Amino acid sequence: MEQQLQRLLDRQACEDVLIRYGRTLDWLDQEGQASCYWQDAQIDYGFFKGSAVDWIPVVMGLEEASPRRWHMTSGIIVEVNGNKATSECYGLSMGSSKNEEGGLIATLFGGRYLDELEKRDGQWRLSKRTYIADWSQSFPDGLDAMVDSGFILNILQITQAGHKAYQPL
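In UniProt numbering, the protein residues as written are 1 to 169.
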């Protein structure tokens with residue numbers, strides 16, 4: 001029973017890393033993003049292949065350039081084997097950019113992450129990540145139009161790290 005419980009705890013810790021990845025990007029939390037990887041982790045997004053140490057400034061720069069961003073991880077499958085684990089999950093992400101008229105265009109990406117994780121000194125982090133893009137779609141960002149029509153929603157403008165609404169977990 002103790003082995004089964006430890007396996008469940010390890011699996012949950014791996015899932016937490018995978019979900020924290022997107023959350024720290026959304027809030028521009030570079031330190032939190034770095035906590036998802038071992039420094040020697042190998043990262044392959046196609047346009048970038050290298051170590052996590054080199055990846056983090058690249059991905060944070062991309063996210064900082066987007067006025068709005070949003071990441072969601074789902075369909076997580078984790079197989080734990082001692083202090084190593086493999087994982088596959090789906091990822092949806094959206095990033096916005098300004099169009100020629102100054103409005104926002106949103107691009108939604110759908111893909112999957114093929115990951116390896118390692119537990120070192122009691123902590124799980126990514127040791128290898130490969131991203132596979134499956135599709136993307138661009139469309140006008142409708143939030144501003146909704147606000148202009150009188151349908152008011154809480155909309156955050158996260159343009160730099162340390163937003164007052166962010167609560168690191």
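Don't take every hint at face value.
As the list claims (entries may be wrong) - Pairs of lysine-lysine residues, derived as BS3-like cross-links and limited to a Cα-Cα distance of at most 25 Å, are as follows:
#, residue 1, residue 2
1, K84, K128
2, K49, K164
3, K128, K98
4, K164, K128
5, K128, K49
No wet-lab data here; the hints were simulated from the structure. Owing to the predicted nature of the structure, the values given are computational and were not obtained by experimental measurement.
Outcome of the hint check:
1. K84 with K128: holds, 11 Å
2. K49 with K164: violated, 34 Å
3. K128 with K98: violated, 33 Å
4. K164 with K128: violated, 32 Å
5. K128 with K49: holds, 11 Å
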